[in-house]
Amino acid sequence: MTSWSRRRLVCIGGLALSLVACSKKGGEDGGNIQIGVPVPLSGDSASAGQDILAAAKVAAGEINDRGGVKGRKLEIVPADDACSPQQAAQAAQKLVNSGVVAAAGGYCSGAAVAAGPIFGRANLPFILDASTNPVLTDQGQGKVFRTCGRDDRQGDFAAKFVVDTLHAKRVAVLHDNTTYAKGLAEAAVAALKKNGQAEVTYFDALTAGQSDYTPVLTNIAGTHPDVVYFTGYFAEAGLLLKQRKQLGLTFQLVGGDATTDVSALRTAGTAAEGFIATTAPLATTLPSAADFVKRFKSENTGTDPGPFSAYEYDAINVLAKAIERAGSTKGPELLKALHELPEYQGVTGPISFDEKGDRKTVNFVAVTVRDGKYISYAH
Amino acid sequence: MSDFLQYLVNGLTIGSFLALIALGYSMVYGVLRLINFAHGDVFMVGSFAGLGVLTALSMSGPWLAFAAFAAVFAGALVSGVLGVGIMRAAYAPLLRAPKISLLIAAIGVSLALEETVKLLTRAGFRSYPDVLPDAMLFSGAVRVSYSQVALIGLSALLMVGLWAFVTRTVRGTAMRALAMDPDAARLMGIDAERLTMITFFIGSVLAGAAGVMYGMYYTQINFAVGFLVGLRAFTAAVLGGVGNLVGAAVAGLLIGLVQSFAAGYLSSRWADVIIFGVLIAALMVRPHGLFGERIAERV
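Chains as they are written, first to last, in the numbering used here: chain S, 1 to 379; chain E, 1 to 299.
Derived by calculation from the structure, the hints in this document are not laboratory data. Quick caveat, the model's predicted, so the values are computed rather than measured. Here a beta-carbon is modelled for each residue, glycine too, at the ideal position from N, C-alpha and C. Check each hint, because a few of them may be wrong.
Cβ-Cβ distance ranges computed for the label pairs, FRET-style [claimed, not checked]:
| # | chain 1 | residue 1 | chain 2 | residue 2 | range |
| --- | --- | --- | --- | --- | --- |
| 1 | E | Gly-108 | S | Gly-68 | 49 to 55 Å |
| 2 | E | Trp-270 | S | Lys-194 | 26 to 32 Å |
| 3 | S | Gly-68 | E | Leu-120 | 49 to 55 Å |
| 4 | E | Val-273 | S | Asp-291 | 51 to 57 Å |
| 5 | S | Asn-363 | E | Leu-283 | 53 to 59 Å |
| 6 | S | Lys-94 | E | Gly-52 | 33 to 39 Å |
| 7 | S | Lys-194 | E | Leu-157 | 53 to 59 Å |
The list that follows gives simulated cross-link-like pairs (lysine-lysine, DSS-like), each with its CA atoms no further than 27 Å apart [stated by the list, open to error]:
| # | chain 1 | residue 1 | chain 2 | residue 2 |
| --- | --- | --- | --- | --- |
| 8 | S | Lys-94 | E | Lys-99 |
| 9 | S | Lys-297 | S | Lys-330 |
| 10 | S | Lys-194 | S | Lys-169 |
| 11 | S | Lys-245 | S | Lys-73 |
| 12 | E | Lys-99 | S | Lys-57 |
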């Protein structure tokens with residue numbers, strides 16, 4: 001071995017040691033308590049991720065203003081999962097290595113499915129604010145929690161809503177082949193078939209990322225549906241609304257809870273009027289979240305919180321409560337505290353978890369677009 | 001039947017964008033024997049430039065039409081200058097190097113443009129303001145909007161203009177001469193370097209104009225739009241017989257129609273399979289493309 005390469009080896013060794021030293025920070029030694037927030041900060045879902053991250057910062061800021069948790073400040077550590085399974089796994093590993101005590105975040109279910117086992121192996125709780133695919137808690141071994149609902153329940157709600165409220169006799173269901181969209185679409189179709197009052201005229205996927213969905217829409221229109229339930233994400237929802245209007249199609253477009261981002265409305269313009277979406281209640285329609293909305297706006301140059309901001313805010317607060325009760329930031333004790341948490345009054349309603357980690361009481365509602373804003377659906 | 005006509009109209013709309021972009025691939029191939037992989041990204045940059053102009057002008061009412069034309073013009077100009085810049089900076093030094101170096105340079109420029117815009121936009125999408133009117137020319141069983149007609153018409157106008165330039169002007173004739181035999185063209189006193197610049201400029205201008213029109217029509221663009229659209233336009237250029245302008249335009253429309261019908265009658269998941277299946281099948285029967293270069297002369 002030459003002296004040059006030996007020197008390099010020493011350098012690399014030193015670097016590795018300093019990395020290990022870094023990763024010790026934030027654990028039991030009385031410094032800041034680090035909470036990982038894995039969300040999409042790049043890609044088509046980036047605006048949703050930024051809203052979620054901003055809400056986490058609002059929650060941590062409030063807790064720190066009150067003196068932190070057991071005298072220690074909360075520190076939000078963001079990581080970009082880009083809504084992709086590969087990058088989500090890397091982001092989760094990065095958070096685990098940097099010494100976070102828990103993760104609270106996530107947007108795309110497909111990304112969360114990849115991140116879940118990595119937090120799980122490190123025995124860290126992972127609280128989801130937006131990822132609704134049933135698999136996440138079903139296979140979470142009690143280490144994955146959520147303040148949002150499950151798609152099997154959303155599917156039930158959507159089926160009941162389009163049949164009972166919209167009086168649809170013929171329903172088309174369109175997804176985009178992602179984990180989330182496919183799961184919700186299948187849940188909705190199952191519920192519609194069980195209910196038996198409406199016929200499912202169409203069940204297929206579009207290819208996300210293409211600009212032209214007019215052939216898909218024309219094809220769907222050929223099956224003469226009263227309602228089309230689109231379970232994909234907001235980027236495509238905006239285009240579908242726009243092109244539905246261009247084609248002059250009269251069916252009612254209903255979206256799932258990933259279509260309620262305001263940037264879909266920017267793409268669709270006036271074509272978004274009358275669009276309906278099934279979702280957990282939005283912060284802007286919840287009286288109990290009024291203070292949160294005010295605080296969020298004042299810290300984010302007047303922008304309204306996104307559809308999942310309030311659920312992330314509650315996730316951080318629930319986590320802080322659990323750390324307080326456990327009197328520790330060790331993973332196993334935090335997990336135990338979260339399961340045993342007495343009902344916590346969040347801005348989105350009471351929160352407690354069942355043995356799987358799902359929120360016990362969470363309901364779905366319908367919202368609609370009027371004058372470029374989402375409001376509660378009332379007929 | 002009405003479904004069929006609707007797919008036809010929508011296919012022609014997509015196809016007219018593809019044709020405009022395919023022309024750029026074919027023109028550059030004509031003079032340099034280079035597949036300019038950065039061409040799709042020139043389209044994308046033009047689209048973002050047009051969005052910038054529209055946002056900056058933020059006009060409404062009757063001024064909207066003015067703003068729309070200003071945006072198309074600006075997007076075309078930005079793309080044109082970018083195309084010439086790419087030519088001078090990345091391709092000109094490699095003209096005497098092996099062809100493979102030129103090709104790798106083109107891929108490099110493509111990735112550089114894409115990644116730059118990806119970083120600037122955080123890979124998110126951007127929405128175009130509502131510029132095109134919703135008014136319908138036909139609103140019966142088949143829907144055709146005025147804006148669709150305007151976009152197809154503008155594309156056709158640009159293509160006819162290009163055709164007139166290539167066949168009716170001295171420069172256009174020189175361009176054809178350069179494509180047919182570069183060495184003989186130089187001996188006849190044709191300034192090859194200058195003509196190559198002009199070719200890049202025109203091809204990129206068409207791509208930039210298509211980019212802005214695409215943005216106005218679909219109202220949503222992102223950094224990857226040049227790759228997705230460019231790949232199809234490139235397919236059209238090859239299908240039409242790369243180097244052949246009429247072939248590129250016709251094949252562009254054809255690919256648009258195939259995409260529309262495949263997504264409509266089968267599923268949008270099958271559209272790409274069928275587009276590239278058509279390409280492979282066509283090349284097996286006619287290896288030089290539908291309007292193969294042996295029959296028609298290249299430009």
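Status of the hints after comparison with the structure:
Range check, E:Gly-108 to S:Gly-68: about 50 Å between beta-carbon atoms, so the 49 to 55 Å window is met. Separated by about 30 Å at the C-beta atoms, E:Trp-270 and S:Lys-194 satisfy the suggested range of 26 to 32 Å. Judged by the Cβ atoms, the range 49 to 55 Å given for S:Gly-68 and E:Leu-120 is violated: they are separated by roughly 37 Å. For the hinted restraint 51 to 57 Å between E:Val-273 and S:Asp-291, the CB-CB distance of approximately 53 Å keeps it satisfied.
Evaluation of the 53 to 59 Å hint for S:Asn-363 and E:Leu-283 yields a pass: the beta carbon distance comes to about 57 Å. With their beta carbons about 34 Å apart, S:Lys-94 and E:Gly-52 fall inside the hinted range of 33 to 39 Å. Against the hinted window of 53 to 59 Å, the Cβ-Cβ separation of S:Lys-194 and E:Leu-157 comes to about 56 Å, which satisfies the hint. A hinted pair counts as satisfied when its Cα atoms are at most 27 Å apart, and S:Lys-94 with E:Lys-99 does not qualify at roughly 43 Å.
With a C-alpha separation of about 34 Å, the suggested pairing of S:Lys-297 with S:Lys-330 is violated against the 27 Å cut-off. Distance restraint check for S:Lys-194 and S:Lys-169: the Cα-Cα separation of roughly 14 Å lies within the 27 Å cut-off, and the hinted pair is therefore satisfied. Taking the CA atoms of S:Lys-245 and S:Lys-73, the gap is about 51 Å. The hint is violated against a cut of 27 Å. Distance restraint check for E:Lys-99 and S:Lys-57: the Cα-Cα separation of roughly 54 Å exceeds the 27 Å cut-off, and the hinted pair is therefore not satisfied.
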